[in-house]
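Student: In case you want the letters, here they are:
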Amino acid sequence: MRKNKAVMIGAGLANMAAAVYLIQEGHWNGDQITFYSLDDHGSNDGAPTDSVTDEYWNKNHPMENRKGYVARGGRMLNYRTYVDLMDLLDRIPSATEPNMTVAEDTHDFDAKHRTFDKARLLEGGKGIVNGSHLGLNNSDRLHLTKLIMMPDSDEEKLDNVTIAQYFSDDPHFFGTNFWFMWETTFAFRVQSSAQELRRYMHQMIYEFTQIEHLVGVNRTRYNQYESIMLPLVNYLRAQGCHIVLDRLVTDWEFKDTTMQDEITVTGLEMQNTVTGDTEHVTIDDDTAVIFTNGSITDSATLGDLDTPAPENMDYGAAASLWKKASEHFYDLGNPDKFFADRAASEWTSFTLTTKDHLLLNEITRITTQVPGNALNSFISTSPITALGHKDINMSIVVHHQPHFTSQKPNETVIWGYFLYPRRRGEFVDKPYIKMTGKEMAQELIGQLSKVDPGPGNIRDHEAAIMDSIINNIPVHMPYASALFNNRAKTDRPKVIPQHSTNLAFTGEFAEQPYQMIFTEQSAVRSGEIAAYHFAGIPMANLVKTPRYDKDLKTLAKAAKKMFK
Amino acid sequence: MNKNSVYWGVTVGLLAAGVLYLAKKTGFFEDDRHLYDEFESR
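Quick note, the sequences are listed as chains A and B, same order. Under the numbering used here, the first residue of the first sequence is numbered -7, with each subsequent residue one higher. Under the numbering used here, the first residue of the second sequence is numbered 12, with each subsequent residue one higher.
Check each hint, because a few of them may be wrong.
[Stated by the list, open to error] In silico DMTMM-like cross-links for lysine to aspartate or glutamate, where the CA-CA straight-line distance does not exceed 20 Å:
(1) Lys104(A) - Glu115(A)
(2) Lys426(A) - Glu303(A)
(3) Lys149(A) - Asp48(B)
(4) Lys138(A) - Asp161(A)
(5) Lys382(A) - Asp161(A)
(6) Lys35(B) - Asp144(A)
(7) Lys36(B) - Asp543(A)
(8) Lys536(A) - Asp48(B)
(9) Lys430(A) - Asp42(B)
(10) Lys347(A) - Asp298(A)
(11) Lys149(A) - Asp43(B)
Since the hints were derived computationally from the structure, they do not count as laboratory data.
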């Protein structure tokens, strides 16, 4: 249904994309669009630590050490599949590179800094593992082939099936190099949805042939806030959009109808999180409401060098509002599938800032690659899973330096994460979630020492490295992988739900055809769909999505790779 | 000659039918253009 104004709940990538398409394709004026949000970066963040300590989720966790940088998550791009994202980025000017769009900025940087991972997997006693040998047996190949061959129309057959259940008669799969690389490249866990794994196998099928080098990965020049979100914020403000921050939307008012299935938002309740005041916004007949109904960084908390990240049990701001909507209407999904199963979704990351390049140079020596090229994952040397397999202990991303525009030339920023934060460290005898930033750094040095080819060992420099650390910010994210949680197809509301007259859902918890989530691609496309719907633009004008799963050459290459 | 032609004809026919069956079964020919119809503004 066509509208002339829009209220955006949430100011993450999906809703900002919706605003750009409303302005550029729908020919709206920016002042027809108002955002209400806690912050203006969503999950795509990255900032000097002292600039985020007052944000909503960090307020109750005062930090002693506010130095250094923090990026709660890290993301990789992929030009070939992120077609909607690249279309969006070609529409807005870069915030750091004059006379370039963000897409041109990213292409320019990426062309000069190609990803070629030489140490994707590392294991104590072996050093760099040859990841080109996927380690699959015939049963693994058969299970994967079945997923690849399953058509979109049969997707519901994997409703409520976890990856562990799908491979229940083939536990060997979880001990293969393929799984080690796949789980850590995309952040899948064994409890994650097999349905979503199927979508990845389809959309990322060509990654089979290059997963050990990550040559399909493209990166932005700086962190994703400065390289993607800030240009969007600048553009939308310049267009006259109203971006109202420090607002927690807490409840809905819906139109009462006889059949009780027409979804029409008539009002919103919200809290000003600075003053504590309650505010009300009336939604008239001419206004669309575009709602990002979940955030993987909601309830995320920060620690510091000497303090572990505390655990916040909040259900999440966006998910709480989604839950209230789903209690009104039967076809708006089941947020509990995603936000009431932390054991399946949580992980802990850390952002380490040093005052010199000692640690960076040691990592470069051990992994034999230059910064900015890699995602390095450390395989345990003994079984650590319930199935008795080895698994990845931790992973690190050594960015191209500088990763922040305000970073000093002598400083280094490194990001890493623990996909299973309740597991215990090998070098610090406590669960990762309980570790301080200092202990996480000690654990990292320990892991590096196991794979150090010598001569000498990184531990010889441990005292100097620890002394070089300005700060290391642990971040616990209870919902980091929530978007992968086990689910049925109906557990997420459609971008435009049936019987909705003015409400759309965007982001990673909205259902749309074919798209895989945990990608900027799906977030942008959901915003694009919502914008086209409310601006009356035909869906045929959406950016065309490539189907590598129907490309015979790609399928043949993947089949060949499976036997390596 | 005739027997040979029949043999090859049947073989090629069976192979073509197999490929078509597999393509249909795996959704290779599924038309996804209609998938966004439900999101059109009415």
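Student: Does each hint fit the structure? Answer for all of them.
Tutor: Results of checking the hints against the structure:
1. Lys104(A) - Glu115(A): Distance of about 30 Å is beyond 20 Å: violated.
2. Lys426(A) - Glu303(A): Holds, at roughly 10 Å.
3. Lys149(A) - Asp48(B): Outside the cut-off at roughly 23 Å; violated.
4. Lys138(A) - Asp161(A): holds (14 Å)
5. Lys382(A) - Asp161(A): This hinted pair holds, its Cα atoms lying about 18 Å apart.
6. Lys35(B) - Asp144(A): It holds: about 12 Å lies between the C-alpha atoms, which stays within 20 Å.
7. Lys36(B) - Asp543(A): Distance of about 16 Å is within 20 Å: holds.
8. Lys536(A) - Asp48(B): holds (15 Å)
9. Lys430(A) - Asp42(B): violated (54 Å)
10. Lys347(A) - Asp298(A): holds (17 Å)
11. Lys149(A) - Asp43(B): Roughly 19 Å separates the two Cα atoms, so the pair holds.
Of the numbered hints listed earlier, those contradicted by the structure are 1, 3 and 9.
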